Amino acid sequence: MAWLLNLLQVILFVATAPLLAGWIKKLKCWSQNRMAPSVLQPYRDLFKLIRKETVVAEGASWIFHMAPYIIFSVAVLAAAIVPLVAVQLPTARLADVIVLVGFFALARFFQALAGLDIGTAFGGMGSSREMTVASLAEPAMLMAVFTLAVSMSTTNLSAAIATLLHEPLTIRPSFVFAGLGLALVAVAETGCIPVDNPATHLELTMIHEAMILEYSGHHLALIEWAAQIRMMIYAVLLANIFMPWGLADNFGLAALGWGMIAILVKLVGITVVLVLAEAVLAKMRLFRAQHFLGFAYLLALLGMLTHVILEVG
Amino acid sequence: MIALYLLLLIPLLAMPVLALVGHKPWAGRFNNWVNAATFAISVILALIVLRAGTLISDDHWWLVDSFSVYLIALTALVGLTTGIFSGPYMEHEREIGRLTHRRLRLYYAMYQGFMLAMYLILVTNNMGILWVAMEGATLATVLLVSLYRTPESVEAAWKYFILCGVGIAQALFGTILLYFAASQILGTGDEALEWTTLYVHASEFDPTVMKIAFVFLLVGYGTKVGLVPLHSWLPDAHSEGPTPMSAILSGLLLNDALYAIVRSKMIVTQAVPGPLPGYLMMGFGLLSFLVAVFFLHRQRNIKRLFSYSSIEHMGTMTFAFGIGTPLATFAALMHMTVHSLTKSAIFVTVGHASQIAGTQRMDKIRGLIATQPQVGWGLLVGTLAIAGFPPFGVFVSEFLVLVATMESYPWLALPLLLGLAIAFGGLFRHLHPIVFGRKPEGQKPVQANMMPVFAHLALVLLLGLAIPGVLADWFDHAAQLISGGMPQ
Amino acid sequence: METLTSLYGQAVLLLAALVLFTSFVMLAQSRVTALVNLFALQGILLAATTALVAIVQNSPHLIISATLTLGLKGVLIPLLLHWLILRMGLHRTIDEVKRPLQLLLGAASLVVFSYYVTLPVVELSELETRNIIAASAATLLLGMLLMISHRQAISHVVGFMAMENALFFSAVVSTYGMPLVVELGVAFDVMVAAVIFGVFFFQIRESIDSLDVDRLSRLTEIEDNE
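Chains as they are written, first to last, in this note's numbering: chain H, 65 to 377; chain F, 112 to 599; chain D, 350 to 575.
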């Protein structure tokens, strides 16, 4: 029963990721007073890409061919660990936050290699920029989730959130700081303003887009989908770690129903904040991305420090 | 009791008066009368305490015991004599245009403000008020260091302000920790900051917290004493301000900061088993002493030379207080007295010397004895005294310090002796061409009242030859109070 | 040893963490006006924390201290500094820190150091606010770091005042405030110090024609010429 539920949750996760992307697009257009495409447009885009022919450069190695599949499967696996509607699902108990960060690192590794594989200048440039951003983003993310782990005395994400669910409502300064830090990391990793502009067509300003310039057809479909799943993972992490109320801790129908409504509300809230931030901020120069991420690391570190200093003993 | 309140009231009332009339020609004399009055009161206080023992007010706010009353009398004396010197000196400065009316008013008002803060430090029983008064003394003198408004003096005053401000903030943290440790036993409230109560209950306080508190207090008040490495404001502030400022800063403020450290040490040594507080003081003292004697040789400005000499002597005193035996404490107390008297006399003479030569650079000052024998001989004798020549008092106190060191830590006597020799050499190397030699062209004597200088030096000589019984008893009592034993 | 889990406890912890956070943000600031505003914010947060502790602990003299802090450090001194900035035309100066990231990480290690130093104090205390003692000691060290890392005179003043803030803070959380007389005396000293700082700015400006304190370097031990 639990396994079935688990499978359903994963499918729901993966299937609604493009919906989230469409919703964000709609919000952005509303904030800019434009006509928005339908929220189902990303599905149509993915479908279109799958049917198109895949053109591969001559010098491409097996990395270039395998990378989209690897990236997509890793994204799905990661989605299996993050609790969307219910905690304590079987796959969630098998892996902890370090594995989650490791999954992201694996996907990033292959994506960077694929960008370098063909030998174009822009691909290499995108890969090196991506690695620069990641070198600071990864420790910041680790420190932020470690704050949660140390508070709850376990690194298993699902168990930690479950413990958190049963605690009385408290505002912890460490969570405030860690949450801010994780939010900044999420902005950097998913390629949003102010770190990276996803809608740019100027290659010299690209970070993520530059690595996938050479992909087409169903490869590109898989990579785009994986990016949308990653965005959803970050949003769900932010929502469920720092505002876990509403998550189902048993598998009853009522609890699951509440869980779905809760995550819906939280995701809407987070996306509104994200879009507002994007409307207000401008894209930073690449060299300032380090400071941005350093600040994120500092916030996460501060979260950890305030936990040890202020909340223990 | 009334004497005590009067001691504080007189400077407090004199401040606004002098702020209004400080530019009048008779302001200097008025200042002198005020100082004389406070000196008389301090002598009365001293007599009361000598006869009746420690004076503690009923509400436990005020405390005058044999340690503080002798410092009060010393402060009043040096304040009086420096005031007598400063009257005509500041008049002269105004005549040659270095000072305006407004600055004179500020000067006199802050003079009394400074004296008020000094007395407050010495008579309060509350460690928190002690801190407030120490900071108040810094604030009163900061604007006076930059009185001449030259770039160097502004820089010196800024450095003084920032460094002493940050240092004193450490001392406040130490006071807070002290209050914390005390409040565990005594409960929160005024009692936990009263020195008398703390002294009685100190052995019950937590040793670790007291250790940390003492470190902060030592570093904090030690900045004001001029302990190396927190001393870098001292040569600048003492050399760039007007000469009376240098005299009272060197002669009085350093003493009072050391007083604060010793009061803290008296409490901490009961709470902390082991020699750590003493070792810390000895370490800082010895370091200051050695660094200062080496820096003496490099100086080109005569006031900076003597400021480093102040650092050297304060280092010796801290070292002696750190040793903590009754003999060492007696020596330190005596050294405080003679150093105050001699150093203020020297700075007064140096002020006249720089007026004669028109500069403070030592390679430009020549032939003092030929120009104005009083100033020249005064400087020579003063330097002899401060360098530790017999039969002056400084020789006696340094000898006693050496004896005390040899009793407790024999191997430390060697660096002390070495340092004394190096200091001696440094001082005389610079001094010799200044006082002896032919008079340069166009150098004229200035109007100088050298009476205060000679009075001070005579006192120091007297103390060196034969300490009057009363004073010796006084020092005995104070040493006993501080170290808990009778000096032999 | 119980932790603060009540609402009052969480609020105090959150405010204390925010005070520490403002110290960090002050370190990274390069604009002088923003620095003064952050200092004012720190003063207000501090007054709020003290007021909260005062209300729950039922201690009237702490309320007086809280009002005093709000008035002095939250309003008066920032206003004075802003007036000075306008008078001296400093609102365009940039007090750039060369390596902000290293500075901030150094500041984080100072937090760890102050935690280590105040550990005996925290263990001994029985007050509910004892955990915050380390944060207040850290704010003290961060104020000093602010003074070291910046070059403009006004940043030094803000750092000095931030240190006084931290001292008041540590007095409140370790002993529920020092006796009122002492607090009043300290506040008086701080006010006089602020006024004297103001006077100093004019003097420094007159003598070296700028307020970049690094240029005050005529008095050194290395004397090559006059």
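Hints are computed from structural coordinates only; laboratory data are not their basis. Careful: at least some of the hints might be erroneous.
SDA-like mimics (lysine to any residue), calculated; alpha carbons at most 20 Å apart, straight line [what the hints assert, rightly or not]:
#1 F/Lys-270 x D/Tyr-465
#2 D/Lys-447 x H/Arg-349
#3 F/Lys-322 x D/Leu-429
Coverage of chain D stretches by chain H, computed from C-beta distances (three or more under 8 Å per stretch; other residues unrestricted) [claimed, not checked]:
#4 431 to 441
#5 449 to 456
#6 475 to 485
#7 504 to 513
Some but not every residue of chain D turned toward chain F, in silico, with C-beta under 7 Å [to be verified]:
#8 Val-470
#9 Val-471
#10 Leu-516
#11 Met-527
#12 Pro-528
#13 Val-531
#14 Gly-534
#15 Asp-538
#16 Val-541
#17 Ala-543
#18 Ile-553
#19 Arg-567
Here the structure is a predicted model, which is why all the values come from computation and not from measurement. The beta-carbon is built from N, C-alpha and C at its ideal position, and this holds for glycine as well.
Hint check:
For the given pair, F/Lys-270 sits about 31 Å from D/Tyr-465 by alpha-carbon distance, which is inconsistent with the 20 Å threshold. With a CA separation close to 18 Å, the supplied pair D/Lys-447 and H/Arg-349 stays within the 20 Å bound. Among the hinted pairs, F/Lys-322 with D/Leu-429 is inconsistent with the structure: their alpha-carbon atoms are about 39 Å apart, more than 20 Å. Under a criterion of three residues with beta carbons nearer than 8 Å to beta carbons of chain H, the stated coverage of the stretch 431 to 441 of chain D fails, only 0 such residues being counted.
Remark: the stretch 449 to 456 of chain D is confirmed as covered by chain H, as 4 of its residues place a Cβ nearer than 8 Å to a Cβ of that chain, reaching the required three. Residues of the stretch 475 to 485 of chain D lying with their CB closer than 8 Å to a CB of chain H number 4, which satisfies the three-residue condition for coverage. Counting residues of the stretch 504 to 513 of chain D whose CB falls under 8 Å from any CB of chain H gives 0; the rule of at least 3 is not met. Annotation: interface hint on D/Val-470 holds; nearest CB of chain F at approximately 6 Å, less than 7 Å.
The interface hint given for D/Val-471 is violated, since its Cβ lies 10 Å from the closest Cβ of chain F, which is over the 7 Å cut-off. Hint status for D/Leu-516 relative to chain F: holds, with the closest Cβ pair at about 5 Å, below 7 Å. Taking 7 Å as the C-beta cut-off, the interface hint given for D/Met-527 holds, the closest approach to chain F being about 6 Å. The closest approach between the C-beta of D/Pro-528 and any C-beta of chain F is roughly 5 Å, which is under the 7 Å cut-off, so the hint is satisfied.
Among the interface hints, the one on D/Val-531 holds; its C-beta lies about 3 Å from the nearest C-beta in chain F, closer than the 7 Å criterion. This hint holds: D/Gly-534 has a C-beta 3 Å from the nearest C-beta of chain F, less than the 7 Å allowed. Interface hint status for D/Asp-538: upheld, as the beta-carbon distance to the closest one in chain F is roughly 5 Å, under 7 Å. Annotation: D/Val-541 was flagged as interfacial toward chain F, and the flag holds, the nearest CB pair being 5 Å apart, inside 7 Å.
Residue-level restraint check for D/Ala-543 is violated (minimum Cβ-Cβ distance to chain F is 11 Å; threshold 7 Å). Against a cut-off of 7 Å between C-beta atoms, the interface hint on D/Ile-553 holds, since the closest Cβ of chain F lies about 6 Å away. Taking 7 Å as the C-beta contact cut-off toward chain F, the hint placing D/Arg-567 at the interface holds, the least distance being around 5 Å.
Going through the hint list in order, the structure does not satisfy hints 1, 3, 4, 7, 9, 17.
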